[in-house]
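Each chain, written out:
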Amino acid sequence: MIFYRTISVILVLHCVALAGAEAQQTDSSTVADSLLLLQLQRSMQQAAAIPTIQQAPAAPRSTLSTNPDLSAIGDFRSSYVSVGKRKIDLYLNQLEFQVSSVVDPYARADFMFSYGKDLNTGELAPGLEIATLTSTSLPYQLQLALGKFKPAFGKINILHPHAFSFVDFPKLTENYFSPEGMFMEGASVSWLVPNPYDFFQELSLEIGRIESNASLVRGENGQLSYVGHLKNFFDLTQNSTLELGFSGANGPNQTGFSSKMGGVDLTYKWKPVQYNVLQSFTWQSELLFSNVRLDETTAAKTHGVYSLAEYQFAQRWFVGARYDYSQYPDDVGRRDVAGTVLFRFQPTEFQILALEYQYTDRNYDRNSQGVIFRIIFGIGTHAAHQY
Amino acid sequence: MMNKRATLFLFLPVVCLLLSSSALAQLKVVTTLTDLQSITSLIGGDKVDVFAIATGYQNPHFVDPKPSYILKLSRADVFVTVGLDLEIGWVPPLLNSARNSKIQKGGDGYVDASVNIPLLQVPTSASRGQGDIHVFGNPHYWLDPQNGKIIAKNIFDALVRVDPDRRSFYEANLKKFNETIDAKTREWTEKLRPYAGTKVIAYHNEWPYFEQRFGLQIVDFLEPKPGIPPTPSQLLKVINEMKRDHIKIIIISPYFTTESADMVARNAGGKVVTIATSVGANEKIKTYYDLFEYNISQLIEALR
Chain A
0 MIFYRTISVI
10 LVLHCVALAG
20 AEAQQTDSST
30 VADSLLLLQL
40 QRSMQQAAAI
50 PTIQQAPAAP
60 RSTLSTNPDL
70 SAIGDFRSSY
80 VSVGKRKIDL
90 YLNQLEFQVS
100 SVVDPYARAD
110 FMFSYGKDLN
120 TGELAPGLEI
130 ATLTSTSLPY
140 QLQLALGKFK
150 PAFGKINILH
160 PHAFSFVDFP
170 KLTENYFSPE
180 GMFMEGASVS
190 WLVPNPYDFF
200 QELSLEIGRI
210 ESNASLVRGE
220 NGQLSYVGHL
230 KNFFDLTQNS
240 TLELGFSGAN
250 GPNQTGFSSK
260 MGGVDLTYKW
270 KPVQYNVLQS
280 FTWQSELLFS
290 NVRLDETTAA
300 KTHGVYSLAE
310 YQFAQRWFVG
320 ARYDYSQYPD
330 DVGRRDVAGT
340 VLFRFQPTEF
350 QILALEYQYT
360 DRNYDRNSQG
370 VIFRIIFGIG
380 THAAHQY
Chain B
0 MMNKRATLFL
10 FLPVVCLLLS
20 SSALAQLKVV
30 TTLTDLQSIT
40 SLIGGDKVDV
50 FAIATGYQNP
60 HFVDPKPSYI
70 LKLSRADVFV
80 TVGLDLEIGW
90 VPPLLNSARN
100 SKIQKGGDGY
110 VDASVNIPLL
120 QVPTSASRGQ
130 GDIHVFGNPH
140 YWLDPQNGKI
150 IAKNIFDALV
160 RVDPDRRSFY
170 EANLKKFNET
180 IDAKTREWTE
190 KLRPYAGTKV
200 IAYHNEWPYF
210 EQRFGLQIVD
220 FLEPKPGIPP
230 TPSQLLKVIN
240 EMKRDHIKII
250 IISPYFTTES
260 ADMVARNAGG
270 KVVTIATSVG
280 ANEKIKTYYD
290 LFEYNISQLI
300 EALR
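Residue numbers (numbering that gives the first Met the number 0), protein chains in the order written: chain A, 0 to 386; chain B, 0 to 303.
Worth flagging that the hints you see were computed from the coordinates, not collected in a lab. Do not rely on the hints blindly, as some may be mistaken.
[Claimed, not checked] Think about it this way: if two alpha-carbon atoms lie no more than 27 Å apart in a straight line, the pair counts; the simulated BS3-like pairs of lysine-lysine are: (1) B:K71 / A:K270; (2) A:K268 / B:K65; (3) A:K270 / B:K224; (4) A:K270 / B:K65; (5) A:K268 / B:K71; (6) B:K285 / A:K270; (7) A:K230 / B:K65; (8) B:K101 / A:K230; (9) B:K71 / A:K154; (10) A:K270 / B:K283; (11) A:K230 / B:K71.
Extracted from the complex, chain A is given alone in its bound form (with noise of 0.2 Å):
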């Protein structure tokens, strides 16, 4: 009883205690109250000011992964030549498949496989165009690569034909190299130069086996061929650029003699940056010289140049013009010079269509002019090409 009694007098005074407790608090805590209400409402408004936005499940990125990139282009022609058997031609002039990819944190590869016309027998052929390892992580500003690829000899001759804004190549990359250029089996260091002037300098230098053009061929005894080039680049203005290149090359010939070769490019280009879809303009243009060893006695010197302005006028429109004068290595009574026009339309990046006109004076043959009409087409995932 006397434990009842002493539980009921502890609960009235606790009670009591609390009630006084908070009839204290509610004098005190008007202003803190208030502050907190109005918190609240901030807090409210805050939240009603940021709507909390109902996302959709976030999708996962399921293209990612470590597949290579995948890439197909197509190169259909039609073409019309004023001399020749055939005269009216329609044909698949190549399919390049490329598959690149970074291999590790140390280097990407790069392969790029053709399949393309055989110029002596007219039928298609496979070839392998590409195939070189990369590396992305070497101090100093370095850059090797190893494997096959195009040695930088001028600005034409590290491209594609799919990435050259005419049909066919100048004739000076034909006369003194092959239609497609200059390949090489070797190692490719590039080194990007310090210069108190701070423009962008890189220095290449290629040594390795020459695949056998009109000036250099595969050496046999393990003799090697070497190419070097300086590139220049300098931003004139927002809008506009300026490269100038040297290069050289030195290698075994047909003749079991050596060839030396010297070059020089230069390239302007203006694209205004808010407007860079619907306006361009190039102008480029660029000198060979090459002293080819006949025999003990002999040499032949000769030299080829081009120059070539391509302007866009819409989004989609481009016209070009080019003048080609090129000897040949070996001979220096022979010569063509050539005009040629263009019309490019390119609905997409990915279809290109071109007709292009040209007439060619040779000293050694007859003259002749052709039409080819050219479509580009590709698809996956190319890599974007250099500047």
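Please build the complex by placing chain B on the supplied structure of chain A, with the hints as guidance.
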């Protein structure tokens, strides 16, 4: 003995100078877009030197990979990209030639700003027949200021990875940025609240994040498919839509010409409003905050 001491005294200031200069050295950051440059500057303050490759009035899908950018990337400590394949046409050739392992994908200095962004318009199937679509989702996510906080966090993480000693400095700036962007988002949302649900036409499909945040309703585009220039049939369709639904506004970015938009506006009785997709689109837009201030003021003026 004296010579050794003298040498020591001579070298000591040099060593101190070298140490202090390395401590004061700014991180070199290269970003693809000016918006990422602005956010990096707000987080990194005077501890970072930031260069943006594209200008604010340039179409970010089409930037020429000039060799001069390779030079910048070769010296960068951090590289920040929008990702989601927006820059697929120009970033890979630049990174491949940069000779800088720090900023390659997987390196400490590589920042894909899209990480953790709640993506919109992620396609369930992808074909180039649909035009220039982005297989990972619409990449113009920086146009929602709340996504700016996620971008800032991604940049902050990289700055801390590369420069852990200044963590508290970057952290304070990140906090300040988040608070500012929250406050401003509230302000901007309030300003546009009266116009919520207003139907508008856009030139290109680059506004879904902006549209979602601020309650506009983009009902059609002048491009028939992303990246395909306007066709007469598409323009006619849009004119009819505008007349039928009383749509008065066509929004366009600074890098598209206004001819087709003007023509549609003339025929449909609407008006063309050029708003910015990036910082630096015009002189008034100097920061990420200015980007929204400008766009919202332009829209309100047009919608009034």
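Now the hints, each set against the structure:
no., hint, in the structure
1, B:K71 / A:K270, "holds (21 Å)"
2, A:K268 / B:K65, "holds (11 Å)"
3, A:K270 / B:K224, "holds (25 Å)"
4, A:K270 / B:K65, "holds (12 Å)"
5, A:K268 / B:K71, "holds (20 Å)"
6, B:K285 / A:K270, "holds (24 Å)"
7, A:K230 / B:K65, "holds (13 Å)"
8, B:K101 / A:K230, "holds (25 Å)"
9, B:K71 / A:K154, "holds (23 Å)"
10, A:K270 / B:K283, "holds (25 Å)"
11, A:K230 / B:K71, "holds (17 Å)"
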